[in-house]
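**Student:** Here is what each chain is made of, one letter per residue.
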Amino acid sequence: MSATLAAPAAALPPLRRRLDPMALLALPGVAFLSVVFLLPLLLLLWSSIRGEGGFTVNGYVRVLGDAYYIGVIGNSLQLGLITTAGAFILGYPAAFALARARGYAQVVLFALVFLPLTVSIIVKSFGWGIVLRRDGILNWLMLNVGLIERPVRMIFTEGALYAGMINVFLPFMVLPIYSVVRMIDPRYGDAAATLGASPWYRFTRVTLPLTLPGVVAGASLVFSLAVAAYVTPSLLMGDRYMTMSMVMAKAFLNLRDWQLGGAMAAVLLAVAAMVVVGASLMQRRLARHGGAA
Amino acid sequence: MHSTWSRRVLLGGGASLLASPAILRAQTPEIFVGGPASPGLTDILFPRIERKHGFKILFEGTNSLINLEKMRSNRARPTMTVTMMDDPVLIIAEREGVIAPLRGLDIPNLADVQPEARPRDAMWANWCFPAASISYQTQNVRTAPQSYAEVWDRKYRDKVILISMRITQAVVPLLAATTLATGKPMAECLKLADEGFGKLRELRPNILQITTNPPQAQQLQESGEVDLYLSPDSRTTLFRKSQRAPVDLAYPREGTVAMPAGVAMVKGGPNPELGMKFINELLDPDTQALIAGTFFSKPTNRKAVAPPSLQLPELIVLDWEYFADNRNRWIERFEREIAAR
Numbered sequence: 001m002s003a004t005l006a007a008p009a010a011a012l013p014p015l016r017r018r019l020d021p022m023a024l025l026a027l028p029g030v031a032f033l034s035v036v037f038l039l040p041l042l043l044l045l046w047s048s049i050r051g052e053g054g055f056t057v058n059g060y061v062r063v064l065g066d067a068y069y070i071g072v073i074g075n076s077l078q079l080g081l082i083t084t085a086g087a088f089i090l091g092y093p094a095a096f097a098l099a100r101a102r103g104y105a106q107v108v109l110f111a112l113v114f115l116p117l118t119v120s121i122i123v124k125s126f127g128w129g130i131v132l133r134r135d136g137i138l139n140w141l142m143l144n145v146g147l148i149e150r151p152v153r154m155i156f157t158e159g160a161l162y163a164g165m166i167n168v169f170l171p172f173m174v175l176p177i178y179s180v181v182r183m184i185d186p187r188y189g190d191a192a193a194t195l196g197a198s199p200w201y202r203f204t205r206v207t208l209p210l211t212l213p214g215v216v217a218g219a220s221l222v223f224s225l226a227v228a229a230y231v232t233p234s235l236l237m238g239d240r241y242m243t244m245s246m247v248m249a250k251a252f253l254n255l256r257d258w259q260l261g262g263a264m265a266a267v268l269l270a271v272a273a274m275v276v277v278g279a280s281l282m283q284r285r286l287a288r289h290g291g292a293a
Numbered sequence: 001m002h003s004t005w006s007r008r009v010l011l012g013g014g015a016s017l018l019a020s021p022a023i024l025r026a027q028t029p030e031i032f033v034g035g036p037a038s039p040g041l042t043d044i045l046f047p048r049i050e051r052k053h054g055f056k057i058l059f060e061g062t063n064s065l066i067n068l069e070k071m072r073s074n075r076a077r078p079t080m081t082v083t084m085m086d087d088p089v090l091i092i093a094e095r096e097g098v099i100a101p102l103r104g105l106d107i108p109n110l111a112d113v114q115p116e117a118r119p120r121d122a123m124w125a126n127w128c129f130p131a132a133s134i135s136y137q138t139q140n141v142r143t144a145p146q147s148y149a150e151v152w153d154r155k156y157r158d159k160v161i162l163i164s165m166r167i168t169q170a171v172v173p174l175l176a177a178t179t180l181a182t183g184k185p186m187a188e189c190l191k192l193a194d195e196g197f198g199k200l201r202e203l204r205p206n207i208l209q210i211t212t213n214p215p216q217a218q219q220l221q222e223s224g225e226v227d228l229y230l231s232p233d234s235r236t237t238l239f240r241k242s243q244r245a246p247v248d249l250a251y252p253r254e255g256t257v258a259m260p261a262g263v264a265m266v267k268g269g270p271n272p273e274l275g276m277k278f279i280n281e282l283l284d285p286d287t288q289a290l291i292a293g294t295f296f297s298k299p300t301n302r303k304a305v306a307p308p309s310l311q312l313p314e315l316i317v318l319d320w321e322y323f324a325d326n327r328n329r330w331i332e333r334f335e336r337e338i339a340a341r
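Those protein sequences? They're chains A and B, same order as listed.
Read in order, the letters of the first sequence are residues 1 to 293 in the working numbering.
Read in order, the letters of the second sequence are residues 1 to 341 in the working numbering.
Incorrect hints may appear among the rest.
Label pairs and their calculated CB-CB ranges [as the list claims (entries may be wrong)]:
1. A:K124 - B:K155: 32 to 42 Å
2. B:D194 - A:K124: 33 to 43 Å
3. A:I82 - B:L58: 43 to 53 Å
4. B:P39 - A:D20: 37 to 47 Å
5. A:R284 - B:R329: 42 to 52 Å
6. B:L58 - A:A105: 48 to 58 Å
7. A:L39 - B:R75: 13 to 23 Å
Chain B stretches covered by chain A per the calculated footprint, using a threshold of three residues with CB under 8 Å from any CB of chain A [to be verified]:
8. 158–166
9. 208–222
Hints were generated in silico from the structure; no laboratory data involved.
All residues carry an ideal CB built from backbone N, CA and C; glycine is no exception.
Here chain A stands alone, though its shape is the one from the complex (with noise of 0.2 Å):
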């Protein structure tokens, strides 16, 4: 008996081995995460379940039980889809363009990509705002080429929303499918022409599967983001649009209502793990079936 459970031990390699030294590398990174992460995470789930009485899940009643909270992460989980499509097919084109370019047009290229992350979200936004509004620089430009009679309204409208939150999160999108796409051969294609592929082909059955890997860590980047965003919504909508995190930020500095907040956070933070945990997957499913370049 004792040489059938010892069996299977000694199989194991010794835990060092098993171990990639590697690994050690991250430690100073997951100490610093587990302070200033892991364990406010943990106190805010503690206090979505946190009630008067002990224990309770009544904050995730309120939450999953009520039709505007449904609504409210409706809105959040529209927002992030949305932005997440804009910004593929923003950003699919505009990555080849940068990982094709060379010279000063590479250089002029990277700076349209990167600028724009140095501007805060707050700035972008109040400048969503000027350029939308009535007397703003698109109403102008339309009706100064025709477009419209009257000065239309554009801004605190979804479509306003939409176009803010693409021109935020864009490079989150650009710059992994640029990564991807610099490392693909580009006698690829041509071998795929030579065979006789058309330009349709090549794409569907060469390119794209060879960037999927960029286009995964991108959306899930940008949809990760984008599902919790908080300022932009606020700026460019207010409160006719709430969003999970407006809902988080109302329940802890305006109600001071701990658990619905805390269970409205860990509801994002299950959204957000779902579509990280999914890129992963399909990450490494991909790899195994040779999609990464």
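We have chain A already, so just place chain B on it with the hints.
**Tutor:** Just chain B, lined up with the frame of chain A:
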């Protein structure tokens, strides 16, 4: 050349250099005051108090609820001596035991402050009463609205901004809706406010935005994007008017509401004697006259004389404890019934 600098001299000099900031601080007493980021505080009012009393005021301008969170977090070792907040937040601060009563302290000017500006038996004092009603864009709206009913006029479709119920001034549109819905005087409408939500819902087509960001809303009004804004108080609207911005405050016949600008001592805060001097100076008749002119608000000291250029009507003083007790419920109703798409 022989040096006369010994190791002891060098060490002594180094220690003096390191200690010098503390020595300097000890020479100029200072207090930490938390309050709103209103123009006029740090550039006009505080320098006057510093010059007169010889202490330094370290000020942090932020909103009342964030100030309250800081006071709660530092309850064991308070760093703030005085806090300047809205009454609804001071009521919470009193309940949480983070402020100390002004009654019985060495604040002689408190006796001359009108009774309604010494809430809860002088737990704190109102250092001024800003006025809140309708702020209108003077280039787009040539005649000041005479009644709150005009805000519901369809000619203002997409031309009105409301302040979110999370900000105290949002009580004004709610009271306006209640007085229009019930026919009761505005001064009696706070306890009937739930009856005003139906009328407020009728305003939705006119509402361009419900804001938690008053500076953005102010900018939009001044640029002409919106005509009416309910309700920044006179500290903002009349201040901006004095700087030639195209905005003004209307005085509708239903009434204009006094916003509660309170000042309180933080419980166990450092240098309480300076805090008392600070509050006494805020309530001094001459300083009150300066406050009236600088903050475009009614003084609360009965001996103070407001500048003749400031013509504010009689203001409605509300029961802020009732407001504080019902605010969270109203925030929820407001977001679901008025703000939601």
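**Student:** If you test the structure against every hint from before, which numbers come out violated?
**Tutor:** The structure breaks only hint 4.
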